[in-house]
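Q: Listed below, chain by chain, are the residues.
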Amino acid sequence: MTAATDTTGAATARPARRGRRRLLGVFMVAALAALAAVVFSVGFGRDPSVVRSVLINRPAPPLHGATLDGASLDLRSYRGKIVLVNVWASWCAACRTEHPVLAATQRGYADRGLQIIGVDMSDKLPDARRFLTEMGGVTYPSVQDPNAQIAISWGTFGVPETYVIDRTGMIREKAVGAVTTGWVIAHVVPLLAAS
Amino acid sequence: MTRQRTRRLLGAFAAAAVVLLAVAGAWHAATPSRTVSLHERAVAVERTLRCPTCQGLSVADSPSPIAAGMRQQVERRLAAGASSAQIRGYFTARYGDWILLDPPRRGVGWLVWALPPLLLLLGGLLLRRTLRRRPSGTANAPEDVAAAAAFAADPPIAADLPEPVAAALTDLHAARIGADLDPAGQGGVHDALARLAGALYDHPVTAAPTQPAAPDAGESAAVDDAQRLGSASRRVRGRAARYALPVAALLFAGLLGVTLARTIGTRPAGAVPTGHFATAPPTPSGPGLAALQHGTHAHPTDPRAWLAYATALDQAGRLAAAEPNYRKTLALDPGDAAAREQLAWLLTRGGSPTDALTMLAPLARQRPDDPQVVLLLGLAQRGAGQPQATATLRRYLRLAPGSTPAPMVRALLGRAP
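Chain order of the listed sequences is A and B. Counting in the numbering used here, the first sequence runs from 499 upward without gaps. Counting in the numbering used here, the second sequence runs from 9 upward without gaps.
I should point out that these hints are in silico values taken from the structure, not numbers from a laboratory. Just so you know, not all the hints are guaranteed correct.
[Stated by the list, open to error] Just some of the chain B residues that point at chain A, by a computed CB distance under 10 angstroms:
no.	residue
1	Phe21
2	Val255
3	Ala256
4	Gly262
5	Leu327
6	Thr356
7	Gly358
8	Gly391
9	Arg418
For each residue, glycine too, the CB sits at the ideal point set by N, CA and C.
Modelling step: build the complete structure from the supplied sequences, incorporating the hints.
A: Rendered as structure tokens:
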């Protein structure tokens, strides 16, 4: 008799516990679904090939060396100008697309205190010179960087990349891929106007 | 009982052996047994760094020029006496934590390290619980079997019982009769009792209505209410469990849809610098361009087809490809003002402002006070280094002071935007 009542007691307690556990499971599944949705949507909404540079709003790393013409160049002597540092290579197709934009920017804004400096990364000197001849001549100097050591010290992911350095020598902006006139107007012209 | 204890002891031994082996392996890996060369140390560092240009390759494995440069940098710094951590620090200062293949052991990084073992532990606990819960009809706990025996000794009316319990009860009676006839059938009784215990576990029978010493009416009504309530909430929970997966799937799809629509919707169509590397040419509107190019083949004498193709190329940043198509439009219809304006702007941007001025001359004669023409004229003059550029751009600001390009023009003129 006592055994019988014990059985019924245990029988009612167990399903209740099981129900609670099931409810907890439902909650966990819902929470996981929501988490997965958020993770996926954030991931899909971002361009995985673009990583925001950690150097933005930091002082520009050193940049000095021999230019393609053999002269020596040091970024420090351009303090007081808005400098665009453009990492390029003759073997890069996007660099060919953006070069007219950069050349026009140099020509158009030189009198407003703009200077473009090229970093010719992992390139051969004759190839680089031929590239510039095809592009209509040298508009701004480029430093030789045959082993990509300068590019690495600037945190370059690939070519082309363009850094905007303000008059105090701080990196203010970075473009990954070919720059356009729109980008120049949006990110460079305001800095020129600010002084 | 003794067999069970032996099994448990063996299990503990196996677990201890696995843990010992793992610890020994880790110890062995952490303490190099011999002096390693500079190159080996460099490779060890390179394996922890991510190649910036490629996807999912370490610097040690990548053939890209930047990775080659990074390998040089690592070897040079090691030779100069830098530690692996210092070298990794040099790269993270330039590329951020992104450059490390292992997530950093701090902040959110800890979560990534702690989650796998935690989930493994959780999984193990769940597995243990599941294994401990006996499958119905077999291997029940002794107290459940005892309860089942008590239940069989004093069963409620068969009609009130759930079908599996009633069936198990009938089986038990049959087995008992069989055992009475043949003592060898005692095992059958044991199995039937276990099956009944399992059936009772799955379909609990809450009360025996034919109990002789029934409690007074009020109390039993209260018990009945409680049981009804209990079974109702159980039903609700059961339903919730059944709908959990579809609801979770819907929730997932809905949330993903909404957030994706938002993030993708805010991206301007055909936007440029999106970070395509040299290996991936920047053609954001490839299929659209192909369709427009096809349009020029289908209607080679329609200036609008050529203009549409030229405009799309221009917007995609392919200035050199756009130019001949603008010229083709103008050859078919020299009076096309839009093509003339766009080509002039392209020439100004592309470094041929003098050509742009020639292009704009007829427009300047036809519409001398059109702000758009004045703006293009001013920008081309500025590009060509002509002194009247400032006057032209000022005239533009007077004609259209509130236009979108006005702040940019003010910036060009050196005024506050």
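Q: Confirm or reject each hint.
A: Do the hints match the structure? See the list:
no.	hint	verdict
1	Phe21	33 angstroms, violated
2	Val255	7 angstroms, holds
3	Ala256	4 angstroms, holds
4	Gly262	8 angstroms, holds
5	Leu327	6 angstroms, holds
6	Thr356	8 angstroms, holds
7	Gly358	5 angstroms, holds
8	Gly391	6 angstroms, holds
9	Arg418	8 angstroms, holds
Hint violations for this structure: number 1 only, all remaining hints satisfied.
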